[in-house]
Every structure is written in C-alpha cells, then in structure tokens.
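Kindly generate the complete structure, drawing on both the sequences and the hints.
Protein sequences appear in the order of chains L and Y.
Per numbering that gives the first Met the number 0, residue 0 is the first one in the first sequence, and the count goes up by one each step.
Per numbering that gives the first Met the number 0, residue 0 is the first one in the second sequence, and the count goes up by one each step.
None of these hints come from the bench; they were simulated from the model.
Quick caveat, the model's predicted, so the values are computed rather than measured.
Every residue gets a Cβ at the ideal spot worked out from N, C-alpha and C, and that includes glycine.
To give an idea of the interface, some chain L residues facing chain Y are shown, with a C-beta separation under 7 Å as derived from the structure:
no., residue
1, A432
2, Q436
3, P784
Over the 10 Å line for every Cβ pair with chain L, so calculated as not near, a few chain Y residues:
no., residue
4, Q18
5, Q31
6, D169
7, G188
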Amino acid sequence: MAALLSHWRRRPFQLLTLLLGLATATALWSGVQAINAEARSSYDRAASALGPTPRATITGPDGTALDEAAFVALRRAGWLVTPLVEGTMATAQGPLRVLGIDPFTLPGADLPDQTGETAFDLSFLGPDGPLIVAPETAARLAGADLPRLIVLPGVAPGLAYGDIPVAQRLLDRQGRLDRFILLDNQPRNRTPLAEVVPGAVLNPPAPGNDMAGLTDSFHLNLTAFGLLSFAVGLFIVRGAIGLAFEQRRPVFRTLRALGLPARTLLALLLAELLVLALVAGAAGIALGYLIASALIPDVAATLRGLYGASVEGTLSIRPIWWLSGLGIAVLGTGLAAVSSLWQVARLPLLAPAQPRAWARASEAALVWQGAAALGLAALSGGLILFGSGLIAAFVMLGALLVAASLALPLVLYGAMWLGGRMARGPLAQWFWADTRQQLPGLSLALMALLLALAANIGVGTMVSSFRLTFTGWLDQRLASELYVTAETPEQAQAMLTWLEPRVQAILPIWNIDADLAGRPGEIYGVADHPTYRDNWPLIEAVPEVWDKIAAGDGVLVNEQLARRADLWPGSVIDLPGGGAPVLGVYSDYGNPLGQVLMGLAPMVARFPEVERLRFGLRVAPDAVAKLSADLVNDFGLAPANLIDQRSIKAFSLQVFERTFTVSRALNVLTLSVAGFAILTSLLTLAAMRLPQLAPVWALGVARGGLARLELLRALVLAALTMICALPVGLMLAWVLLAVINVEAFGWRLPLYLFPGDWAVLAALSLVAAGAAALLPALRIARMPPARLLGVFAHER
Amino acid sequence: MLDVRGVTKSWGTGEARQQVLRGVDLTLAAGQSLALTGESGSGKSTLLHLIAGLDHADTGSITVAGQEMTQLDDAARAALRRGTVGVIFQQFNLIPSLNVADNIAFQARLAGRADPALTDSLIQRLGLQNHTAKYPEQLSGGQQQRVAIGRTLAARPALVLADEPTGNLDEDTGERVLDLMLELVGESGTALLMVTHSMRLAGRLGARLHLERGRIAA
Numbered sequence: 000m001a002a003l004l005s006h007w008r009r010r011p012f013q014l015l016t017l018l019l020g021l022a023t024a025t026a027l028w029s030g031v032q033a034i035n036a037e038a039r040s041s042y043d044r045a046a047s048a049l050g051p052t053p054r055a056t057i058t059g060p061d062g063t064a065l066d067e068a069a070f071v072a073l074r075r076a077g078w079l080v081t082p083l084v085e086g087t088m089a090t091a092q093g094p095l096r097v098l099g100i101d102p103f104t105l106p107g108a109d110l111p112d113q114t115g116e117t118a119f120d121l122s123f124l125g126p127d128g129p130l131i132v133a134p135e136t137a138a139r140l141a142g143a144d145l146p147r148l149i150v151l152p153g154v155a156p157g158l159a160y161g162d163i164p165v166a167q168r169l170l171d172r173q174g175r176l177d178r179f180i181l182l183d184n185q186p187r188n189r190t191p192l193a194e195v196v197p198g199a200v201l202n203p204p205a206p207g208n209d210m211a212g213l214t215d216s217f218h219l220n221l222t223a224f225g226l227l228s229f230a231v232g233l234f235i236v237r238g239a240i241g242l243a244f245e246q247r248r249p250v251f252r253t254l255r256a257l258g259l260p261a262r263t264l265l266a267l268l269l270a271e272l273l274v275l276a277l278v279a280g281a282a283g284i285a286l287g288y289l290i291a292s293a294l295i296p297d298v299a300a301t302l303r304g305l306y307g308a309s310v311e312g313t314l315s316i317r318p319i320w321w322l323s324g325l326g327i328a329v330l331g332t333g334l335a336a337v338s339s340l341w342q343v344a345r346l347p348l349l350a351p352a353q354p355r356a357w358a359r360a361s362e363a364a365l366v367w368q369g370a371a372a373l374g375l376a377a378l379s380g381g382l383i384l385f386g387s388g389l390i391a392a393f394v395m396l397g398a399l400l401v402a403a404s405l406a407l408p409l410v411l412y413g414a415m416w417l418g419g420r421m422a423r424g425p426l427a428q429w430f431w432a433d434t435r436q437q438l439p440g441l442s443l444a445l446m447a448l449l450l451a452l453a454a455n456i457g458v459g460t461m462v463s464s465f466r467l468t469f470t471g472w473l474d475q476r477l478a479s480e481l482y483v484t485a486e487t488p489e490q491a492q493a494m495l496t497w498l499e500p501r502v503q504a505i506l507p508i509w510n511i512d513a514d515l516a517g518r519p520g521e522i523y524g525v526a527d528h529p530t531y532r533d534n535w536p537l538i539e540a541v542p543e544v545w546d547k548i549a550a551g552d553g554v555l556v557n558e559q560l561a562r563r564a565d566l567w568p569g570s571v572i573d574l575p576g577g578g579a580p581v582l583g584v585y586s587d588y589g590n591p592l593g594q595v596l597m598g599l600a601p602m603v604a605r606f607p608e609v610e611r612l613r614f615g616l617r618v619a620p621d622a623v624a625k626l627s628a629d630l631v632n633d634f635g636l637a638p639a640n641l642i643d644q645r646s647i648k649a650f651s652l653q654v655f656e657r658t659f660t661v662s663r664a665l666n667v668l669t670l671s672v673a674g675f676a677i678l679t680s681l682l683t684l685a686a687m688r689l690p691q692l693a694p695v696w697a698l699g700v701a702r703g704g705l706a707r708l709e710l711l712r713a714l715v716l717a718a719l720t721m722i723c724a725l726p727v728g729l730m731l732a733w734v735l736l737a738v739i740n741v742e743a744f745g746w747r748l749p750l751y752l753f754p755g756d757w758a759v760l761a762a763l764s765l766v767a768a769g770a771a772a773l774l775p776a777l778r779i780a781r782m783p784p785a786r787l788l789g790v791f792a793h794e795r
Numbered sequence: 000m001l002d003v004r005g006v007t008k009s010w011g012t013g014e015a016r017q018q019v020l021r022g023v024d025l026t027l028a029a030g031q032s033l034a035l036t037g038e039s040g041s042g043k044s045t046l047l048h049l050i051a052g053l054d055h056a057d058t059g060s061i062t063v064a065g066q067e068m069t070q071l072d073d074a075a076r077a078a079l080r081r082g083t084v085g086v087i088f089q090q091f092n093l094i095p096s097l098n099v100a101d102n103i104a105f106q107a108r109l110a111g112r113a114d115p116a117l118t119d120s121l122i123q124r125l126g127l128q129n130h131t132a133k134y135p136e137q138l139s140g141g142q143q144q145r146v147a148i149g150r151t152l153a154a155r156p157a158l159v160l161a162d163e164p165t166g167n168l169d170e171d172t173g174e175r176v177l178d179l180m181l182e183l184v185g186e187s188g189t190a191l192l193m194v195t196h197s198m199r200l201a202g203r204l205g206a207r208l209h210l211e212r213g214r215i216a217a
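Have a look at this one:
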C-alpha cells in the first residue's frame with residue numbers, strides 16, 4: 000500500500016487534478032439534481048395543498064365567485080361543502096398565493112403535516128388571524144406587510160393558509176367565496192343545487208395543475224446539462240487515472256514479481272480509488288450545494304415565468320441528495336478507472352517496461368473509437384428519422400455528442416498527418432509529427448473541450464435564434480399600442496364611445512377558457528382589421544384566410560395545439576358549440592396552452608356569455624401616455640388595467656432572458672471545466688515531454704523557440720477542436736430547435752446563424768488554451784539545462 | 000577548431016557543492032580526433048556538454064570555431080549547435096515522433112544544409128535502407144546509434160562530440176558502429192572529440208586525454 004501511495008506523494012499535482020476533476024464533475028451533477036429535487040418537492044407540496052385527490056366544486060356561472068349566503072344555504076340543504084377563497088396578492092417581497100379555508104368544514108387530513116391541527120385552533124380564527132406558511136416562504140416574506148406568520152414545514156412554497164375572513168381581506172373579496180369543495184360521503188337526499196343556489200354550477204373534479212408533467216422538459220434539460228458537465232469532468236478524471244496507472248506500471252510489475260497476487264493488487268487499487276472518490280465526492284457535493292444555491296433563484300424565476308410554478312428560491316439539504324452525490328462520485332470514478340484496472344488485471348509479468356505503451360495503445364484504440372463514433376452517429380441519425388418523444392430526442396443528442404467526441408481524435412490525427420505532409424521546414428515537420436504523437440495524452444481534454452464548445456454553440460444558437468424569433472414575433476403579436484381592460488361591461492361601453500374619435504382603431508380581445516383537444520385551452524375572438532391581416536404570425540394558412548375567419552368559415556389554431564392534436568388547414572377542430580374547420584396555424588411562443596382564434600362575430604354568436612372587457616387600441620405611439628392618463632382620470636380605471644405595448648414587450652423579454660440564465664450559467668461552468676481539463680492535461684504532460692523536447696533542444700533549437708512551439712501547439716489544437724465543434728454545435732442547435740422544442744413546448748423555431756458569436760467563442764477558447772499552455776511553455780523556456788541534460792543521462 | 004581554457008564546473012550549493020571540473024585545458028584542430036577517457040564521475044560528459052553549449056561553465060573559456068561560448072546567449076548557443084557542432088549521445092536521443100529518414104535529415108535541414116544525396120548515401124552506408132520508414136522505438140540499440148551518427152554527419156558539422164557512442168551496445172555492434180563513425184568522420188575532415196572509458200576504443204583515435212577528478216591527468 001505504501002509503495003502504491005508513494006506515487007501520489009511524489010506527484011501532488013496529479014492527485015489534485017484527479018480530486019478537482021472528480022469534485023467538479025460531482026458538483027455540477029449534484030447541483031443540478033439538487034435544483035430538480037427542490038423544484039419537484041415544491042410541485043408535490045403545491046399539488047397536495049388541498050388534499051391528495053381533486054374534488055368536485057361548486058362555483059357561480061363561468062367559474063365566478065358566490066356570496067357567503069350560498070354557503071349557509073348549501074350546508075342547510077345537506078350539502079357537505081367547504082368554502083374556499085383563493086388568489087394571489089402582491090407583496091413588496093414578491094407574490095403570495097393566499098388560500099382562505101374554513102377549518103371547521105375542511106378535513107384536517109387534507110392539509111399538509113400539522114397545518115390542520117394548527118388551523119383548528121381559536122387563535123387561527125377571525126379577521127385578525129395569522130397565515131400559515133412554509134419556512135422558506137416566511138424567510139422570503141420577512142418584513143412584508145402581512146398578518147402574523149405561523150411557520151410549518153410541509154406547506155407548499157409561495158402559499159399561505161388563512162381563515163376565510165383573512166383571505167377575503169387580503170384579496171379584497173369581502174363577502175365573496177371563490178368556490179365550494181364537495182367533501183366525501185354526501186347525503187343522498189340533498190335538495191338539488193339549482194334550487195338551493197340558482198345559477199350555481201357543479202364542476203366535476205378537475206385534474207390538478209400537473210406541474211411535474213408540465214415542467215418535465217425543463218428538468219430533463221437541466222439533467223442533460225448536468226450529465227454533460229459530469230461527462231466533461233469525468234474526462235479529467237479518466238485522464239488523471241490513466242496517467243497515474245501508466246506511470247505506476249513498473250511498480251505494479253515489481254509488486255507482482257515480488258509475489259503480490261493480482262487480486263490483492265486490484266483490491267488495493269480499488270480501495271485507493273474509493274477513498275479518493277469519497278473525498279472528492281464530499282467536496283463536490285459541498286461545491287454543488289453552492290452552485291445550486293446560486294442558481295436556484297433564477298430557476299425559480301424561470302419556472303414561475305414559463306410555467307407559473309411556485310418554487311422558493313432557497314435550497315434545503317436532503318440526506319438522499321448527499322448519498323446520491325457520493326454514489327455518483329464513486330460510480331464516475333469506477334467508470335473512469337475501469338479500463339485502467341482491466342489493464343492492471345491483465346498486466347504481463349515479464350513484459351519489458353514500455354513507457355510509451357499508453358500512448359501506443361491509445362493510437363491503436365483510434366480505430367475502435369472511429370467505429371464506435373460511426374455506430375453512434377448512425378444511431379443518432381436513425382433516431383432523427385424514426386424516433387419520437389423527448390427521451391428519444393435526448394438520447395439522440397447524447398449519441399450525437401458522444402459520437403462527435405469519439406471521432407475528434409481521429410479527425411485531429413488526420414489533420415496532423417496532413418499538416419506533416421504539407422510542412423516544408425524540419426521544425427514544422429517535427430511540430431506536426433510531435434503533436435500527432437501527443438494526441439493520445441491530450442485527446443480526453445480536447446474531447447471535453449469539444450463537448451463544452453459544441454454545447455456552447457448549440458445552446459447559444461438556440462437561445463439567440465429563439466430571441467430573434469421571439470422579438471420579431473412580439474412585434475407582430477403586440478401590434479396594438481395600448482391594451483385596456485374595463486372593470487364592468489357598462490364601463491367598457493362608456494369607454495368605447497369615448498375612445499371612438501380618439502384612436503385609430505379599437506380591437507376587442509375577448510376570450511373564454513375551453514377544453515381543446517382534451518386539454519385546457521383558450522378561444523379568442525378578433526376583429527377583422529389590417530392589424531391582424533398585416534401582422535399575425537401565420538405559419539400555414541389557406542388563401543384569403545382573414546376573409547374566411549371574419550365570415551365565420553373556420554378558425555386559426557396556435558402551433559402547439561396544431562402539433563399536439565395534428566390539426567392543420569383542412570382538419571376540423573371540436574369546439575364547444577360544434578366543430579370548426581382549421582384555416583391556418585400561427586406561432587404562439589411561450590404559451591403553454593392550446594389556443595383557437597376566430598372572428599369576433601362568430602365568437603359572440605357561439606359564446607354569448609363571453610366577457611367583453613378587453614380591448615387593444617391602435618393609436619399613435621406618442622399619444623399613448625396622454626390617452627392612458629385620460630382613461631385613468633375620466634373613467635377611474637386602475638393603472639393596472641392599462642398596459643402599453645412597450646411594457647409588455649419589456650416584461651416578456653425580461654422573462655425570456657431569465658429563462659435562459661441557468662442554461663448560460665451551466666454553459667460557462669462546463670466551458671470552465673473543459674479549460675481546466677486542458678490545463679491539467681498540459682501540465683501533466685509537460686513532465687513527460689522532456690524526452691521529446693531535449694533532443695530537439697540539443698540539436699540546436701533554443702528553449703524559447705521550443706516554448707513558443709508548445710504554445711502554438713495548444714492554440715492549433717484548440718482551433719481545430721473549435722472548427723470540429725462548430726458543425727456539432729449547429730447540429731445540437733437544430734435538434735434543440737426543431738426536435739426538443741417541438742416535443743417539450745409544441746413549437747418549432749427557425750435556426751439562425753450567428754458567426755459573430757462563434758468568433759467570440761473561438762477567441763475565448765484560444766485564450767483559454769493559450770492561458771492553459773502558458774505555464775508549461777514558461778517552464779520550458781526557463782528550464783535549467785541540467786534538467787534537459789538529465790534526459791541524456793537517464794534511460795527514457 | 001576547439002580551444003578549452005581553465006574550465007571549471009560544479010554542481011549543487013553549500014555543503015552539497017561538488018566540484019566536477021577543476022580547470023580543464025584542451026585543444027583540437029580541424030580533422031583531428033581526440034579520445035577523452037576517465038572513470039565514471041570524472042567529468043567527461045559534463046565537459047562534453049559544456050563544449051556543446053548545452054550548459055554553462057562556471058569559469059574559463061571554451062572557443063568553438065572561433066566563437067567564445069561564454070559570450071553567447073541561449074539562442075546563439077543553439078545556433079552554434081545547429082550549424083557547427085554535432086553531438087552523438089550514448090542514449091542516441093533520436094526524435095521519437097520522426098521516422099529514420101526524417102531523423103537523419105533533421106539536423107541538416109535545421110542547419111539549412113540539407114543534402115538529399117549525402118543523406119541517401121549515409122543511409123546506405125549505415126545499412127539503414129530497409130528501416131527508413133520505421134520509428135526509433137521500432138529499432139534495436141545498434142540501429143538507433145547508427146541513425147544518431149547519420150543524423151550528426153548529414154549536417155556536416157565542423158566538430159563532432161560523441162559521448163560514449165558505443166556504451167549502450169554490445170562489443171561487436173559497438174566495434175562496427177565505431178568503425179563506421181571513424182571512417183565517415185575521416186572522410187569529411189571533421190574534428191572529433193569522443194568520450195569513452197574504454198582504453199581500447201580510445202586507442203583507435205588520433206590522441207587521448209585522461210580526465211581524473213576533474214583535471215586532465217595526462
């Protein structure tokens with residue numbers, strides 16, 4: 000054991016490389032897992048806010064609220080119901096979902112953990128009662144102007160339970176109850192609902208807001224990134240372990256020759272690796288916690304913006320997460336070490352020492368790598384042609400990335416060979432030949448760099464293409480300069496009369512919620528106006544589509560609905576009140592719901608009860624401010640009911656930018672890990688370079704010249720890797736835009752090219768490679784001749 | 000061609016300081032050959048490395064082809080090695096990434112004196128014609144040493160420094176390699192300084208100097 004461990008004592012940098020590589024890999028993986036676990040726990044708690052299973056409810060017509068008297072009437076008529084007031088209130092510390100409950104009629108078991116018992120307490124009752132919130136929510140709301148907070152673990156994040164009067168006061172709904180929940184075991188001979196509360200509607204149990212399902216694609220995306228970072232980290236570990244085992248090969252052989260059984264040697268090496276994995280894993284988990292803590296506020300904001308999910312921006316520590324982090328560290332080390340251990344197990348006792356065996360074996364492995372790359376590329380191609388579903392899309396991505404990284408050494412080998420063939424001078428010839436010989440030692444780090452660069456190009460292209468499409472689409476969709484929502488139909492009518500002479504056009508935006516192809520969706524009515532004819536982002540449409548829409552000949556559907564239910568021009572969509580032909584499909588980015596657009600008149604005819612409160616106003620942009628002020632002053636309209644185009648666009652872009660903050664952060668981390676991989680590889684190889692460099696130095700190339708060549712070598716390899724990463728990254732972007740987006744969100748985005756971004760990335764990777772090579776190059780430039788002479792005095 | 004005056008060299012510092020060369024003088028004219036003998040640790044290789052400009056002398060002067068070594072910086076010494084001096088090492092020190100043909104041509108091309116006809120002729124005479132595409136690790140020790148000799152002579156240096164060129168070879172191979180080297184050096188009129196601890200091999204050169212504890216003994 001002492002003989003084995005002495006290797007690490009003599010090479011502390013190699014030990015540090017191994018530990019840092021493993022710790023980084025574990026950190027990025029476990030950090031992402033922590034974020035996912037936190038979010039999923041939030042969804043679970045939110046889903047069980049009012050019991051584990053959805054129940055039927057009673058509301059007013061179209062889901063409107065009912066009077067408190069309705070509750071008394073229902074209970075007296077034998078209906079076992081419990082009232083609910085729910086809504087979201089704004090606080091200085093962010094939004095808070097308030098749930099007003101009646102602890103006397105709501106079964107305590109339906110509330111999480113101790114909430115039921117806490118609520119069934121006199122101090123909970125009355126208009127001055129407290130709110131029950133989760134610890135992380137309480138921390139966020141510290142200092143907010145709210146009733147007293149009771150902190151209970153198990154409450155969903157961002158949610159507060161309160162007594163009915165408290166919720167009514169906070170949500171400004173005095174005397175109103177949003178809905179009644181029907182409890183189990185209703186008596187049989189109840190008075191019919193229509194007789195007890197005329198106009199009330201009995202709604203069947205609605206499937207809960209399946210946040211876990213909705214956000215699956217987001218979490219899968221994060222997991223894929225975590226896995227990519229983990230793979231990049233493992234490249235470092237594999238490189239360090241491979242080198243350490245190779246350097247210790249003579250020691251292994253001596254130990255075996257002295258009588259140590261192969262099994263014992265393997266057991267000792269396994270024990271050594273296990274200890275290293277546990278130490279690095281523990282450090283990695285701590286680092287992962289820091290990364291997750293730093294990223295989770297942005298993740299929470301993304302989930303809120305994209306899916307409306309409530310996740311607190313704080314992280315709780317879970318033992319299972321620690322254990323899985325250590326597990327993944329051990330597993331990763333095992334994966335990285337398996338081929339080295341296999342070589343030790345098969346080590347021939349009498350074979351002569353072959354210091355370059357590792358490099359030669361790697362060169363021989365190129366053929367196998369090439370074959371594996373071809374196989375994986377074929378798998379990826381097959382999945383593009385025949386695969387479907389999000390998992391298949393990610394498998395395709397994984398196969399593509401692994402194929403590209405396996406093919407890289409082969410491509411570089413070819414490039415070095417070609418360089419050598421084309422070189423004229425002896426130094427240039429030696430440069431290419433020597434670089435080719437160095438490839439086995441550097442290929443793992445270069446593969447890591449390729450993955451990181453490809454991911455960067457792919458994700459960058461996806462985000463930039465999305466941004467370009469999204470901003471163009473916003474300009475098209477938000478054509479009206481001002482959006483106004485009246486508070487009552489009477490106010491709306493008065494406003495319309497007033498607005499008529501003051502604006503260029505008034506465009507009603509009326510909508511109802513409806514089930515579309517089996518899922519919740521929305522139906523909009525739009526006026527026949529050039530605003531839509533000129534701007535609406537149609538992907539496909541029949542000729543003269545707007546005339547037909549206005550005439551009520553059919554409807555438009557948004558892309559996500561079209562793709563999900565396969566509804567294209569020529570199809571017929573089932574709508575409340577009868578089917579309608581689909582006349583066209585429009586893009587509708589960022590909307591998780593299916594949407595149908597129909598003419599205003601056909602809509603009013605089909606849904607006479609539609610609320611007629613919202614309007615888009617076409618008005619000169621410089622008149623927006625005055626018009627808004629007049630509407631507030633003359634009609635007493637709340638400023639919140641007026642939204643100008645610029646504000647919506649700014650808000651939408653802000654949501655967009657936050658959505659990709661996490662992707663960008665992980666991108667930068669992955670690239671940093673790859674840079675670190677190159678640095679460690681070059682530093683480790685620097686010590687092994689002397690036998691190659693010393694003869695050239697002795698033949699008349701100064702140390703400074705050799706150092707410059709070493710620097711140039713790193714730059715050339717990084718540049719070639721960048722060139723290889725470009726098509727891989729673009730392929731990745733195409734898969735993300737055309738396959739994963741369609742699977743995850745239901746819309747397909749066009750691919751745009753951003754050569755300026757590539758130039759920046761290329762410059763960055765050259766700077767990173769140059770910086771990584773600078774230290775080894777400086778060492779060569781300043782190396783005492785005695786060290787180089789040592790090569791001539793010792794057997795290589 | 001070569002003039003060494005009062006050269007001293009020591010390794011280490013303080014109490015661990017070890018004086019390797021204690022004032023060495025020697026001269027060698029063009030076309031002459033000189034054997035430098037001595038026990039292990041007598042400073043033979045160190046002196047050779049100083050003459051080749053691979054290391055600095057502590058004191059004294061070394062003049063090669065009219066250039067005073069102590070006055071030259073790293074780049075100038077490299078240029079001198081490239082153009083004027085050829086070194087044959089005991090460990091061959093071929094360039095692992097280049098094949099035999101490229102190894103032999105390397106220094107000549109580096110010095111700007113590439114002569115394909117001479118290179119081909121050397122390959123033939125060194126018996127390496129069937130090994131030109133091989134890499135150093137695929138050759139035996141004798142073959143590697145022949146490549147090293149070919150590499151040095153192809154560059155037509157004015158001074159050849161050989162550090163126990165047959166020390167790693169068996170006796171027969173060593174004899175054959177030395178014969179060839181002396182023959183080729185003789186033909187080119189190059190000055191040769193060879194380090195050896197073998198009196199028998201030393202006897203085959205024009206003159207002999209014995210180094211003992213860092214000083215020329217005879």
